[in-house]
Structure formats: C-alpha cells, structure tokens
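S.K.: Now for the letters of each chain:
There are 2 protein chains.
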Amino acid sequence: MANPIEFYFDFSSPYAYLAATRIDDLASHYGRTVKWRPMLLGAAMKETGQRPLLEIPIKGEYTKHDVARFARLLNLKFRMPAVFPFAAVSPSRAFYWLDVRDPSLAKRFAKAVFRQAFTDGRDVTSLDFVCDLAQGMGVDREALKAGITSPEGKERLRAEVEAAVNRGVFGSPFIYVDGEPFWGADRLAQVEEWLVTGGW
Amino acid sequence: MANPIEFYFDFSSPYAYLAATRIDDLASHYGRTVKWRPMLLGAAMKETGQRPLLEIPIKGEYTKHDVARFARLLNLKFRMPAVFPFAAVSPSRAFYWLDVRDPSLAKRFAKAVFRQAFTDGRDVTSLDFVCDLAQGMGVDREALKAGITSPEGKERLRAEVEAAVNRGVFGSPFIYVDGEPFWGADRLAQVEEWLVTGGW
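Chains as they are written, first to last, in our numbering: chain A, 1444 to 1643; chain B, 1444 to 1643.
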C-alpha cells in the first residue's frame, strides 16, 4: 500500500482552501490517500520571522488579487472572511478530536470549515461555531466541546503543530509525497508529476 | 499589434532564471513579444520589509531544494552561484545601455548573464565580468564601460528600479500581461492560460 500523502495546512490560509478542494481527488487518481494535518502558521512564523502575507505592504495586495484569480481559474466560489487573518485554534482542535474517532468525518468537517470561511466569508474561529458545525454533521456536541476544551484536547493540537514545525512546515498548504516537500497550492501540478514519475 | 509582455526580474533570482528560459517562447507562441526589465529586488524589499529568501530560516532551505527540483523538471542545468545573494547592479546597468542600442542583443546578453550565474555558478557582478561578456558578443568594451559608469548609466537603472517598485513589482520574476500581474516562475502556466483566454 502506497504511503498516504500528508497535507498540512492552516484553516486560515486561502491557498490551503484552494488545495483542499483538489488534493483528495488528485491523490486517489494515483491510488493514494491523504492524511490531513491542520497546524497553526503563527507557530511556524515564530521560527522563520515571517508575518501574515496580507499584512505585507504591496505583496499583501497582490496576494488578495492572486488568490481570487486562482479560485476563478479553478471555478471555485471564493470570498475572503471579514475577519482575517484569524486564529484557527478551535476548528483545528476539533479536527484532531474527530480524527481519532472517524478520520473520514474529520475530513468532511475540515472541508466544511474551509467552505464556511472562504465561500461564505464566515468567522469559523469560535467554539460555538465549531460545535454547531460538527453537531450538524451528527457529532455529539457536548462531547466535542468537552474534548477540545480539555487539557488533552489542547495538548493534542500543540503537539501536532510542534511536530509540523519541527518537520519543516513553514507555509500553507504544505504537502509531503513520500517525504518530498511541496509548498503552495501552485505546486499541485508538481505534486501530480511526482506521483506520476515517482520523482525526477 | 498585441501589447508586449513585460518581464521584470532581478538577475540574482534563480526563479527568474527559470522563467527567463521560457518566457520568450511562451509569448511568441501567442504572437507576443517580451520586454525584459531587470530591476533590483533590494529596493522592493525596502518597501515590503521582506528579506532575501535564502536567508529566511527553514524557508531558505526549502527554497534551495525547490528551485533545483524545478530546474530538473524543466530539464535545465542548474547551480547556485558561490556568492549568493548578489547585487546585480553592473549587469542590470549594462542591459539598459545595450537595450537602447539593440534590444535583441540586450536580451541575448541577459540570457548569457543568467546562464553564467545559474548554470556555471559564476560571479556575474563585477564591471570587468560584464564588460568581458558583452565584448564577447561584439560590443565595444570601452564604450559600454564608460556608459554604465557614467551618471546617466547609473540614473537609468535607478529610474527603472523606481518605476518597477512604484508599479508594484515586489518579487522576481514578475510578469505583466496587458496590465495583469503575475508573480513567480510558478505562474507561467497561468500566464499562458491568460494569453489563451484573454483573462478569466
């Protein structure tokens, strides 16, 4: 069985949203599964000394234009959330809580978070929002809420973020194919080429 | 006659080298010419507060890996110059001096600079190197040397860099198609799509 593709992302990353709409189909076309791994870019930025893209003069303006254009090219509805950038702590904790119980549900939850944030422009950061969304997908609301506000629920995300940063994840999306790192939604064509060729 | 594509770059940018090997062929396939415009990224970085990519922890290491991999995908010889990053003042001034006299020669000169820097790993920054390279292409060495060390030769590059930064060029390569901006060698596929469709 081929290794799963590892898909690291921050829920607040619009380029991750673009990649998230395609990565599973791309992988399954080549007989691969995808392991989704939300992380928090803020932790990586502490290591690299970077700051949020949209806050960078000139480059930030270009980025807004680029991501909307990229979304149109992919025929995706796209809207920047009113509050941006945002801290995706709650949805990320919820993802990992769900992932232990039902990885497929966790992935559907993640896709729903992305859709809410980047097609409806909603604020997806609050505990209530996250619990409502999961409840709408059949999840026990109170169990989820208790889980992600528990020390274990918090620790799980912290450890995942630390592991991602230690591994070298400094941007979003960040994809590993058999250990080979690819950063950016604009590397999906190269990811595909890597899957086809096994590397070049 | 369709507008020329505008191709802004810093000679010290390895991703610009990648794009420089393809942009003219890409454009001519769609009946376009390309106007090459060397600039100095340092000036843009003052505006954006960015710093040289390879100096950024973690991201710098990834970038070295990514650009070499990207070059292999394009079947290009690639080697990082021993001295990097470098200040491309002399080759850029020489380009503009040549461009006034013979735009086609200026472009061949620029391609030679990129090749020397990124396939042979040579230091292309010195006045002597630049004059030797141009002389080998039939240019009057002393006239070039006098031209690019003159106040006018220096002012020309300064004005070009200022114009580029004022226009919004913050990275390299940076390509405009009918005013539409595309940043990065990894946007060439989108540049092509824009040429095919006229925009989306």
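What the hints contain is simulated information worked out from the structure, not anything from laboratory work.
A hint or two may mislead.
No distinction is drawn between identical chains; accordingly, a pair holds when it is met within one copy or between any pair of copies.
What the hints assert, rightly or not - When the alpha-carbon atoms are kept at most 16 Å apart in a straight line, the in silico EDC-like pairs for lysine to aspartate or glutamate are as follows:
{"id": "1", "residue 1": "K1550", "residue 2": "D1563"}
{"id": "2", "residue 1": "K1507", "residue 2": "E1623"}
{"id": "3", "residue 1": "K1502", "residue 2": "E1585"}
{"id": "4", "residue 1": "K1489", "residue 2": "D1545"}
{"id": "5", "residue 1": "K1502", "residue 2": "E1623"}
{"id": "6", "residue 1": "K1489", "residue 2": "E1605"}
{"id": "7", "residue 1": "K1597", "residue 2": "D1621"}
{"id": "8", "residue 1": "K1520", "residue 2": "E1504"}
{"id": "9", "residue 1": "K1502", "residue 2": "E1490"}
{"id": "10", "residue 1": "K1507", "residue 2": "E1595"}
{"id": "11", "residue 1": "K1507", "residue 2": "E1449"}
{"id": "12", "residue 1": "K1489", "residue 2": "D1563"}
{"id": "13", "residue 1": "K1489", "residue 2": "D1566"}
{"id": "14", "residue 1": "K1550", "residue 2": "D1467"}
{"id": "15", "residue 1": "K1478", "residue 2": "D1563"}
{"id": "16", "residue 1": "K1502", "residue 2": "E1449"}
{"id": "17", "residue 1": "K1489", "residue 2": "E1585"}
{"id": "18", "residue 1": "K1478", "residue 2": "D1545"}
{"id": "19", "residue 1": "K1554", "residue 2": "D1467"}
Remember, predicted model here, so these are calculated numbers, not experimental data.
S.K.: Confirm or reject each hint.
M.R.: Taking the hints in turn, this is what the structure says about them:
1. K1550 / D1563: neither (19 Å within a copy, 47 Å between copies)
2. K1507 / E1623: between (28 Å within a copy, 13 Å between copies)
3. K1502 / E1585: neither (42 Å within a copy, 40 Å between copies)
4. K1489 / D1545: neither (32 Å within a copy, 48 Å between copies)
5. K1502 / E1623: between (28 Å within a copy, 15 Å between copies)
6. K1489 / E1605: Only inside one copy: K1489 and E1605 sit 12 Å apart there, 32 Å across copies, limit 16 Å.
7. K1597 / D1621: This pair counts as neither: shortest intra-copy Cα distance 29 Å, inter-copy 50 Å.
8. K1520 / E1504: Classified as neither; 20 Å inside a copy, 34 Å across copies.
9. K1502 / E1490: between (21 Å within a copy, 10 Å between copies)
10. K1507 / E1595: neither (37 Å within a copy, 38 Å between copies)
11. K1507 / E1449: neither (26 Å within a copy, 21 Å between copies)
12. K1489 / D1563: Neither: 30 Å inside a copy, 36 Å across copies.
13. K1489 / D1566: Neither: 24 Å inside a chain and 33 Å across chains, both beyond 16 Å.
14. K1550 / D1467: So K1550 and D1467 pass the 16 Å test inside one copy only (10 Å; across, 43 Å).
15. K1478 / D1563: neither (25 Å within a copy, 41 Å between copies)
16. K1502 / E1449: Neither way: K1502 and E1449 sit 28 Å apart in one copy and 18 Å across, limit 16 Å.
17. K1489 / E1585: neither (34 Å within a copy, 51 Å between copies)
18. K1478 / D1545: within (13 Å within a copy, 55 Å between copies)
19. K1554 / D1467: Answer is within; shortest intra-copy Cα gap is 11 Å, inter-copy 40 Å.
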